[in-house]
Amino acid sequence: MSALGHYLEEEGIATVAISLIRPQTENTKPPRALWVPFELGRPFGPPSAAAFQRRVMLAALRLLERTDGPVLIEDFPEDDPRVRPDPGWRPPPLPMAGPTLADRLAEEIDALQGSHARWMARRGRTTIGLSGLDMPEIGRYVSAWLSGTAPASPREGYSAILALRFAVDDLKAYYLEAAACDGAPSSRQLGDWLWNDTAAGTAVIALRAFGLASDDDRLKAVLGNFMVPAVRVAMMGLSTG
Amino acid sequence: MTRLTDLPPAQAKRLAELECPAFDTRPFVSGPPLLRRRVGIVSSAGLVVRGESPLRGRDPDYRAIPAATRPAELLTSHISINFDRTGFQEDWNVVFPLDRLIELAAEGTIGSLAATHYSFMGATDPVEMEPHARELAGRLKQDSVDAVILSPV
Numbered sequence: 002m003s004a005l006g007h008y009l010e011e012e013g014i015a016t017v018a019i020s021l022i023r024p025q026t027e028n029t030k031p032p033r034a035l036w037v038p039f040e041l042g043r044p045f046g047p048p049s050a051a052a053f054q055r056r057v058m059l060a061a062l063r064l065l066e067r068t069d070g071p072v073l074i075e076d077f078p079e080d081d082p083r084v085r086p087d088p089g090w091r092p093p094p095l096p097m098a099g100p101t102l103a104d105r106l107a108e109e110i111d112a113l114q115g116s117h118a119r120w121m122a123r124r125g126r127t128t129i130g131l132s133g134l135d136m137p138e139i140g141r142y143v144s145a146w147l148s149g150t151a152p153a154s155p156r157e158g159y160s161a162i163l164a165l166r167f168a169v170d171d172l173k174a175y176y177l178e179a180a181a182c183d184g185a186p187s188s189r190q191l192g193d194w195l196w197n198d199t200a201a202g203t204a205v206i207a208l209r210a211f212g213l214a215s216d217d218d219r220l221k222a223v224l225g226n227f228m229v230p231a232v233r234v235a236m237m238g239l240s241t242g
Numbered sequence: 037m038t039r040l041t042d043l044p045p046a047q048a049k050r051l052a053e054l055e056c057p058a059f060d061t062r063p064f065v066s067g068p069p070l071l072r073r074r075v076g077i078v079s080s081a082g083l084v085v086r087g088e089s090p091l092r093g094r095d096p097d098y099r100a101i102p103a104a105t106r107p108a109e110l111l112t113s114h115i116s117i118n119f120d121r122t123g124f125q126e127d128w129n130v131v132f133p134l135d136r137l138i139e140l141a142a143e144g145t146i147g148s149l150a151a152t153h154y155s156f157m158g159a160t161d162p163v164e165m166e167p168h169a170r171e172l173a174g175r176l177k178q179d180s181v182d183a184v185i186l187s188p189v
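As given, the protein sequences belong to chains G and F, one line each in that order. Residue numbering for the first sequence follows this note's numbering, beginning at 2 and increasing consecutively. Residue numbering for the second sequence follows this note's numbering, beginning at 37 and increasing consecutively.
Keep in mind the hints are simulated off the structure, nothing from the lab. Small disclaimer: the values here were computed from a predicted structure and weren't measured. Possibly wrong hints are sitting among the right ones.
Listed next, the in silico BS3-like pairs over lysine-lysine satisfying Cα-Cα at most 30 Å (straight line) [claimed, not checked]: (1) K221(G) <-> K49(F); (2) K177(F) <-> K221(G); (3) K30(G) <-> K49(F).
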């Protein structure tokens, strides 16, 4: 981000960057940056909090009127209140386990339809859509990978591995959106449920293990690095390869 | 609050020490007061309008996001899984604060809003992004944009 700011400024356009990693910003010395104490992925702070986001935006934009640069790094003083767990939140019920992981995954995907419909009614959007597959197809494609051999890509123009990465992104989005259909859960609450309690979490962890054990370097890299977040790998004590 | 100390040590070290090109210049472009600025968003979240080609791997180019885009149309194709996506899922303004800029323009705090906003893939080597960023500057100027807010994930 800081490099992009540098290039744009050299071309004559003023920039201000939101900084999520202060040491990185100190190192790269952008013209102007507002460091925010929020988790990665939330540069403007909590969702559904327009007044809070407005304060972040204004604090950043005001740096554009300062003349005492270059290299202005200011700190935003407020924490994201949505990191606190919602004590009233309950995850959606999951069906009784089927005999295989593929069965469980298919049953969960089906069972979460109602919760996801409630999410859609509440939020009016979904972030599912990268793979171009519907949810039952995504479940079957992920399960096909778990059978031990790489299946053909279900999507023209996408390699099998790219299709899998996008399918897994869509799978996670489906579960996380369905789980947030009520209440105001923190990202930690949602992540704990996905990775500890669902067949989807188990399946994605198994995909990562399958990739790490592969002799195919690309499979090893993609499944090893782009399936399970590093923080979950550490928390769950998973092999690092 | 999430800080580097909350992340696994290896990830925190990698993020803090992420290499960035060493620049010989320190550009610092000034401009008119905010109420006369035309503001655009440049994100590094790998954002893409639904139906367009996602950013893949470490693609160095960018995607355009017209100001008329609605929340239901915006996806993230960022390759990294090491950032929260639940905030963006609930409210796109967490990453792409278009509604906040629309409000600030309507009340006159900023002059106006860019006609088009943009997103790169933040995992890409900045050196490879450079020609695309310089080309993007030309597009922004054509739109009379004189202030850019850079939004990472």
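Right, here's what the structure says about each hint:
1. Between K221(G) and K49(F) the CA atoms are separated by roughly 23 Å; this keeps the pair inside 30 Å, and the hint holds.
2. Restraint check for K177(F) and K221(G): the C-alpha separation of about 43 Å exceeds 30 Å, so the hint is violated.
3. For the suggested pair K30(G) and K49(F), the alpha carbons sit about 18 Å apart, so the restraint of at most 30 Å is met.
Consistency note: the structure conflicts with earlier hint 2 alone.
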